[in-house]
Structures are given as C-alpha cells and as structure tokens.
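Trainee: Chain by chain, the residues run as shown.
There are 2 protein chains.
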Amino acid sequence: MDTHSHSATQTRPRTHTLQFPELDRRIECREDETVFAAARRAGLRIVGACGGRGSCGSCVVRVTEGQVHREGESLHRKWLRACCLQPRSNLTVEVAPRSLAPIVRADVSTGGDAVTLDCDPAVRELTLQVPPATLQDLASDTDRVRRVLGEQQPALQPTAIDWAAAAELPGLLRAHDWRVSARFALRPGGPRLIGFARPGAPLLGLAVDLGTTNAAAFLIDLGQGRQGRRLASLGLENPQVAWGADLISRINHAIGQPATAEALRQAAVNAINSLAHDLARAVGAEVGDIAEVLVCGNTAMQHLLAGWPVAQLGRAPFVAAMNEPLDVPARELGVQVARGANLHLAPCVGGFVGGDHVSALLATEPLWAHPGTSLVMDIGTNTEISLVHQGRIWSASCPSGPALEGGHIGSGMRAAEGAIERVAIGAEGRLHLQVIGGGRPVGLCGSGVLDALAAFVGAGWVDARGRITGSGPAIGMVDGIKAITLAEETQDIPAVRFTQHDVRAVQLAKSAIRSGVVQLAAEAELDETQIERIVIAGAFGAYLSVKSGVAIGLFPDLPRARFTQVGNAAGLGVQRMLASRERRERAARLATECRYVELSLRSNFQKTFLHHIGFGH
Amino acid sequence: MDTHSHSATQTRPRTHTLQFPELDRRIECREDETVFAAARRAGLRIVGACGGRGSCGSCVVRVTEGQVHREGESLHRKWLRACCLQPRSNLTVEVAPRSLAPIVRADVSTGGDAVTLDCDPAVRELTLQVPPATLQDLASDTDRVRRVLGEQQPALQPTAIDWAAAAELPGLLRAHDWRVSARFALRPGGPRLIGFARPGAPLLGLAVDLGTTNAAAFLIDLGQGRQGRRLASLGLENPQVAWGADLISRINHAIGQPATAEALRQAAVNAINSLAHDLARAVGAEVGDIAEVLVCGNTAMQHLLAGWPVAQLGRAPFVAAMNEPLDVPARELGVQVARGANLHLAPCVGGFVGGDHVSALLATEPLWAHPGTSLVMDIGTNTEISLVHQGRIWSASCPSGPALEGGHIGSGMRAAEGAIERVAIGAEGRLHLQVIGGGRPVGLCGSGVLDALAAFVGAGWVDARGRITGSGPAIGMVDGIKAITLAEETQDIPAVRFTQHDVRAVQLAKSAIRSGVVQLAAEAELDETQIERIVIAGAFGAYLSVKSGVAIGLFPDLPRARFTQVGNAAGLGVQRMLASRERRERAARLATECRYVELSLRSNFQKTFLHHIGFGH
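These protein sequence lines are chains D and R, in that order.
As numbered in my numbering, residues 3 to 619 make up the first sequence, in order.
As numbered in my numbering, residues 3 to 619 make up the second sequence, in order.
For reference, chain D alone in the conformation it holds in the complex (with noise of 0.2 Å):
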C-alpha cells in the first residue's frame, strides 16, 4: 500500500518537442529518453548502428536551438550523437548528413530497370464479369465465380477458397458492377483461389532480402505479359539492430523471453510493411495489391520472423527449428499485403546460412557451375560462404560484424553522397580521398572502410598487429584513443576519423571471414590456392577493392581475375524465387545440396582466426 501512494505522489517525466526541419517532422520526447529512442519510436529515418547504446556513433546530430541535459558544457550546434541526449526544452535538431537513413528509389519513373526475371509465378490474375443476384438466380457469390471459370477458364476452377476471400467478393462485386479480379496461387494440388481486387488492379509481388543490418525489397510486376518487370526498390534499416548488431546478441535477448522474441518479430514485420507500403505508394499501387511475398535471410532472421524459437539455434550444436522452404498467410504474421497473399521463407542450409545465402547461390549459379573450384561469399554482418568443388558444396557462416559495411565504425556511414569509397596514400603522405558525388566527405562507407585500412597498413601508420603507430599530420589522439582524421571538422560536418577501435572491429571481421575460407578449402581438402574462381556477392561486395582485399588479407592472394564482383545477389535470387516457379524449386534442391559446416566447432578454427588477425605477411 506504501508503495501505491508513494507512485501516486511521483511526476511523470515532462515532454518536449523536437522538430527535424529537414524530415519535415515534429516529434514529442520524454525528458527520461533520449533523442534517438524518441526518433526510432516515431519511424524517423536515423541511422543507428549500435542500436543506441552509445557504442558506435552513427546517429550523429546538433540541436540548434534549446536544452538538453548536459549542463556546463558549450553543446550548442556540436555534433553529438542522438543517443547521448536528453531534452530539458523544445528542441530543434538537425541530423547530420550520413546520419540519415537512405531513401527511396524507384525505378519505375525509367519505366523500370535492365533485370529481367524470367517470369512464371506462382500467383495468378484473372479479371470476371459475373452475372448479378437477382431473384431467379440466387447462388452464393462464390458460386457465380465458379459458374464463370468453369465457362471460360477451367483450368483456375479453385480446388480451395481461401475464407477472407470469401470477405473480399460481396463487397468488391456489388461496388464494381459485377466485375472483380480474381487472385489464384497455383499449387500442386491446384489452383487456390486467394482474393479478390477491383477490377483492373496489378498484380504485384513484393521479394525481401532480410539482412541483419540492411533489409532490400523489390516491387515485381507479376501480371500477366509483364515479364516480372521489377517496379521498384529499396533499402531500409533493419529495426532489430536496436536488439544488436549482431545475430547473437538478438538471439540472446529473444530466449526465454517472449515479449522481446515477439518484438524483435514485430520489428521485422514492421520494415516488411513499411517495405511494402513505401514501394506500392510509389508506383501508384495499394499494398492489397501485392499478391504473393517471398522473403530471404540467413536463419536466424528467418526464425526470428516466424516466431520460432531461437534457444536451440543459438547454443551448440545450433540446429534450426525448419530448414525446408515453407509457405506462411503473410496475414498470420502481420504482414499487411493483400489479405490472403502467401509469404514465401526461402530454404535454409543449417546453423546461419540460411536462405539469403541459397538466393545468392541461386543468382550466381551460371558463374560457380563448372566443373572446376568456386567460392561464394556473401559479405555482410554475417557472411556465409559456400565452396563448390566437383560439384560438392560445403557452406559454413562467419560472424563478421558490421564493421565492412560502415557500421560499428565511428565515422562509418552508407554508401551515399558524401560517402569516401577510395582511399589511398601519396608519396608525401598526403590523404587521397574518393568521395560518391564528388562534394564534401561525411563519413566511410564499407568499401573506403577496406581501402582506408589497406593504405594505412601500406604506409605503416597501422602495424603487423593492428595498431596506430604511424606519424604524420593526420594522425593523433583523439577522445583519449589513437585515431588517423581523413577530414577535418567544418562548420557544417563533423570529423571523419579512422580510430583504433575501427582498426580492431576490421580486424576481426577479416579474419573470421578469411579463417572461413580457410575452414572450408581443408574441408573440401584443399588449397586456397586452388580455388579457381572467387564470386563476391553482397552490397559491399561489388564496390570494394580486390586489391585492398588482399592487402589486409580478407582475401587470398590469388590473380585478380579469379575474383568476380557481383552485387546483391541474394536480392537478385530472390526476386527470382518469386518470378519463378522453376526457380524456386532449384532453390530448394540447391538447399539440400549444401553440406552445412559448423566452423566455431572445428578444433583448429581458434588457431586459425589468430593466425589471421594480424596484417603480417
């Protein structure tokens, strides 16, 4: 009871408003939260790679007008990050530049892109006109579309009804005159009649590639004569980084106990829907127009989705709950698309390679399908890699951190405007920087990341073991810690710096992914020195340098055309699954065909990993 009147007498924390003039938003915030919970809470775009905990320093802004909490210090128009501030007024908050989440894209206003898809999907359209309900003819409205389909096309005679079809037709036919778009997935059992449209609406199909940090989705035009045209695309954050960059840490804080497992779900579902609603506006279309999802991402995120349990997939000996590729009601798991629209999980592999990696292989086939020695890495958070030799594939998961897409880097950003791509080290030591678009650099995306480390490595700014040791102008103590300043701090843009921690995340994604090569060429008893032919795939993947690749060791040293960059292949595989029966069905062979290798429990990994850490020759 002292407890209730003791509560009773506390004020709630005091709000505040925080405007974002260049969102265009006006958010409230609490005076107990910070700026960035307050911004992820209302669905603003900033970017947050440590999912607020202070850790990495991607959500970098300055608050222009107003107070926050740190008292004493000069804050006004510093660049702080989000994460470490608390309003004690109204605020007005700009967000720097590589801050900012990425925007939309769409393809359709050039009347869509070069990819073809070769088209032959699972989901079909027919529009009817039924004869109307009238007093002589009294059949149910399911029944007069049977009556139609018999007469004109028997072949979509459904075997099946869905039920919230069935809630769909009255409506539809009576504000329609009688005429509806019928919705059929094609099953092997037959035609299944999934839902009704207004007369004339696309049939769309909507494929996701559902990476641990970045999730990329394409708007496929799967009516009839369209070819899969793809309509549109486009990247969004994966709002689970909130829960940890990594896979292992989202596991952790999903096992035994439900709420976060189902709001690390729900998150997922929520860039899904956000996915799907951002790309349907953008070409004109409703999201119930979207008639079939086919979604790709390594196992965990799979499981993570479904709601299925994760306690037996994070410990020893990892095994997933379902491999199998598996058809789910988007509906069940809250995904706003049309009402009875399936969503299709790609199949898995085993441990963390999961159906992002199939998708990869899948897209990539025509280049490791001879009889030679291939590699397939997917660079990313995680990154699988699959080496097919003589027609064996082995395929094994390496947790390799955000650090080579710019995540977890305290100057690291997206590849975007302002991004540096390229750097390289003149004579004099001078810094050449490549900035995308040419202006002013903000930050390092994933490829300037590779080639930074790389040049500083070459100048012996970073030594054999990884630390800063060099001397020069760019380099010196910054915050207590060793850091090399690429740009100097302006009065609209912070500082972009490399610092000795950025140094050891690299370092240790390098070399789990290199230790995997290694891993699974001894597997396959073989020498990386035989591997004929090395695919990239991924994001970051085709805009990295080889050659920087190789100097810090990511990579074997092998001639250079050996390696092939591709870009997001899993994103390309996937769109074929959902254009594609055929395709599909490869998928899931290719699957089986995986032998799973479970790296961290080979004896000898450990030793591995150490031998690679470093930047010795």
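These aren't lab readings, by the way, just hints derived from the structure by calculation.
All values derive from a computational prediction rather than experimental measurement.
Backbone N, C-alpha and C fix where the C-beta goes; we use that ideal spot for every residue, glycine too.
Mixed in with the good hints, there may be bad ones.
[As the list claims (entries may be wrong)] From the derived model, a few chain R residues whose C-beta atoms are all more than 10 Å from chain D:
(1) G68
(2) Q155
(3) S183
(4) V548
(5) D559
[To be verified] Derived list of chain D stretches under chain R, where covered just means 3 residues or more per stretch with a C-beta under 8 Å from a C-beta of chain R:
(6) 135-145
(7) 188-197
(8) 293-300
(9) 318-328
[Claimed, not checked] Simulated restraints on C-beta separations:
(10) R149/D <-> D122/R: 29 to 35 Å
(11) G202/D <-> G202/R: 54 to 60 Å
(12) E30/D <-> R283/R: 43 to 49 Å
(13) G152/R <-> N275/D: 35 to 41 Å
(14) T94/D <-> R200/R: 57 to 63 Å
(15) R200/R <-> G152/D: 45 to 51 Å
(16) R591/D <-> G202/R: 33 to 39 Å
(17) D122/R <-> A371/D: 46 to 52 Å
(18) Q131/D <-> S602/R: 27 to 33 Å
(19) A318/D <-> R283/R: 22 to 28 Å
(20) Q155/D <-> R32/R: 54 to 60 Å
(21) G618/D <-> R200/R: 54 to 60 Å
(22) G152/R <-> Q532/D: 32 to 38 Å
Go by the hints and put chain R onto chain D.
Mentor: Same frame as chain D, but now just chain R:
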C-alpha cells in the same frame, strides 16, 4: 477545450460488488449498468433470451441484501428481471432456478454414450522417437521428424508443414527426451503436418452445432482405434442473443458497423472457446489436444463466425458470400484449440438454409432416403424444412423465433429440472402438469409451451383467433395483461404464467413453420397429405407432443405413424462429419442437391401465413 475541462470534472459511476452465492462468484457492477449486463460481461451463465432488453423475463433474480435503483418499492426478496436492476450498494443476488443456464454434461463418467460414429477422420496422430541433435548430426528438427517418418510411416510424410508446428517442435523434443506426437491433416494434396504435442497426448475433435439461440458441442476421440468415441457434450446459450434473438436483428446490427460485426463474431468465437475449454477440462485433456473443429450453423451464423459481410444476405435476394464447405485455420478466427487445427465450416444450401440443416439431413438420411415423399424439419429459432420427393430436395427456412424453445416466453426455460414439459386440463378445468425431475414447477420448456397452448385451445381458454377468453381460477390479469397461471408464486420460486404475449409468439412461430411446409409442397406440386414421413429434428423436436403440434396447427393433420421424432440431428450430423471424411464429402454433395426456395419472395406466402395463424380447423 471546454469539453475537456467539463468531462474532467464529471465523476465516474460508482462500482458495487455483486455476490452470487449459488454460483460461488463475486463480480463488479457499475451504477449505470444493469445486474444482467454485468453478469454477462463476467461470463455468468444467466439466461437472457432477449439480450437484456426487458422484453422476455428469462433473467429472473432477487436481491437478498443491498439496495437497487428502484426507490419507493419494496423490492427485497421479490423476483425481478436482472436486466431492469441497477445496484446502489453491494448486493447479494439469488438467481431463479429457471434462469440458471445449464452446466456441463460429460459422458466420460459413464464411459461414453451409445453413439458410435464411422471413424475415418481427417486428422491423424503418430508418436515418434527422433534421434537427438548432436555435433555429428546437425539436421533441423523438422528434418529429423521427416527422417523417422520416412523409415516408419512413409504414407504420412507431409507435403507441407504448418509454420506454427515448427514453432512447437524444438521445445517439445527437448522437454520430452526427443519423443513427440506429430499431428497430421489428410488433405487431397497429401498429408499436412499441422502440429506437435507431448507424447501420449490424446487426439481430439470438437463438433459444434452453433444454433441461433443455443450452441451445442461434442468432444470426440479421434485417436487410432478409438472409433470416434464421444467423450463429452455441453450446451451453452449463444452469447450473440445480446444482439437480438432473431437473425435479422443481428444482421441489422452488423451491417455497416464493422465494430459490431466484429463483436458478434467474437461472441460466437467466445462461445466455441468456452465450450472447448470446459469440455477438454471435463475429460482431463487440454484445448491443444483438439486437432480439428467442425462447425455447423445456419448461413448467417456461419457468415458472422467467419467475419463475412451479411448485408447481401439480409436483403432480397438474400445471397450468401459462400455456400460451399470451407477449411479455415482455427487460429485465424481466434478459436483456441491446437495451433495448427483446421476449422471446417459445414456446407450451406442458400438463404438461411445452412450447415446445420445439411448436418440434420446427413444424420437423418436413413429415414428419408426412400423413393416416396418425406419432410425433414429442424425446429429452432430459425426452422429449416426440406421436402424430399422422388430423389429431389426442396429446402426453405422459416423465421419461427425462439418461442418453441421456451425463449421469449415470460416463464420460458430450458428443458431442465423444474421445467413443465407436459400440460393437460382435466374435466373440471384443473391443470395437470408434468415437471422434469418431479419437483415443483419453475418454468415452461418448449414441449410444455406447445402442450399448454394445445390444452388451452382445447379447453376454450384460448379462442380460434388466439385470444385468452376463457374463465376459471387460473385466468386473470397480471400487470395489465391477460395471463393463465400454471403455478402460483411460492417463497422461493416466482409464478409460472402463460400470457397473451406468449400465445401470440407461439402463433407466429407455428404459422411460419406450417406455411413453409405448405409452400414447399406447392413447389413440388404436392399436397401436404401426400407426405409419407415427417422427420422432426431439433432438441425441442425430440420432446414435443405431436398430438399437441397437430392440435394447434403446427403440423398437418396426418396419421401419427408418419411422424418420427429425432433429437439434435444437426448435432449428430456435425459429429459424423468430424469423424468421417466420407460423411463430410456426402454432406458437400447433399448441400448441392438441395434446391433452395426463398419463401418470402413467393407471392402467396403472406396469404398462407395469415391462413394458418389461428386455431380454427
């Protein structure tokens, strides 16, 4: 802004505690709501045929302690309608015996009842021992199950696995030493793995006859070798009566008001969940052991349960969204049984001739499947009639109202202890009553209502036009209306009376039903006298006196031998559909064989109705 400050100064209604000693329950009730409303909200089983609008008199209680809102009257220990009482202090409330809803009747104590069902269910169970996950065996949990199935029972190798089943598997395997009970649904495309349960868990099915006024449910053992044994059954008032006793009232509530439609849907779901819960508990099982649910109801009930629009069903030409049988994931409707369980909605014929009538036809087929002419009547709040003539079936629905079930009758009650089930008038005008259980009369059940009216008509107490006109000690004015007293008020029990209103209610019911019979005969170009067999189904139909029915003109005056009374045929039919796939298919065919007749659109229906409303011969 004014509004805000105004409402802030308003005081919220006070809340009082109501004690119900017989029910061993204590609930909260606001001063601005009635005792009936609070009881319904709390799930107390108080009968309320009119849904608390004060138009029936089925919710009789008396207050033994405390004050109510009706001042100036001496209400203490007086029998009153709970829907007309608001508390002004804490109350102790006694519920009249006839107003207590019936309780669980579990046949399990007697080892199941005599009904045996052809058992070839659509669900199967298999207990598996799978090899544990080890460092040497990293297969996913579902792959382990598939492997064992392939060795032991290849016929059950699933073509699909439910996503929710995959969620249950990891925990169950590790909790039960890698033994698990797998549950399958047999589908045309092959077996579907719908869930997992603890080893040894029973495999149960739930059959529900979702009537307009009452819902009856039957728990069936579908395990191998159990031969579809019925374990328990339970009846419950359909909580949708709160939106009206008749279908049209509920439909009008639902049209254009999505929140009300959803509340009606939820009420039906709550009833099914309550039945499932109480039945499972009665036999020591869990709701998660229920692997399939079969539901039959009239078309409107099935529409409301599925959340389908009813606007087109409530207006001419009265067209259903869907008549064919349908499989719905139970969880999508909110039905809390096994997560992967299917809910099968029985096929409907058209108009309001729904799955319950098809179930009744299925159960009574041996009685009507002969070359001659038969009539099958399922008497209820909506009465469905089928006329079978030389292999053709004409079907119609009559809005008969709840009077013949003892609903909307002042002293009406269920056929439970204390109900008057037989009434006769002796030579000297003395009433002879037969009471269920042999004790003192507390109300009239359906067969008693029918007998009473037949007796009153025979004795001249009710004239040919339906007016109470006779004289005698039992006839008098009560609350300004003519009434016949069957039992005087005692200290514990309110009086049992038959009022002029009750006579009118029965007149409307009997004429609606009889007119349906006449119209169907006309459709088949027959005379009523040509009907060789009349099958009377429905809980009420089992107990009514055919003689009384003929006497008041409910039935045509045919030789008694032509009448066959069966019990809840719809309930039996839905059990058969649950236990046997062959019976389910037969029901689907049967529904398409029935030719629906919309009585209200027949030009001479009104004339026929008026012709049969009186008691003249």
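Trainee: Honestly, which of those hints from before does the structure not fit?
Mentor: Result: hints 8, 19 break, sorted rising.
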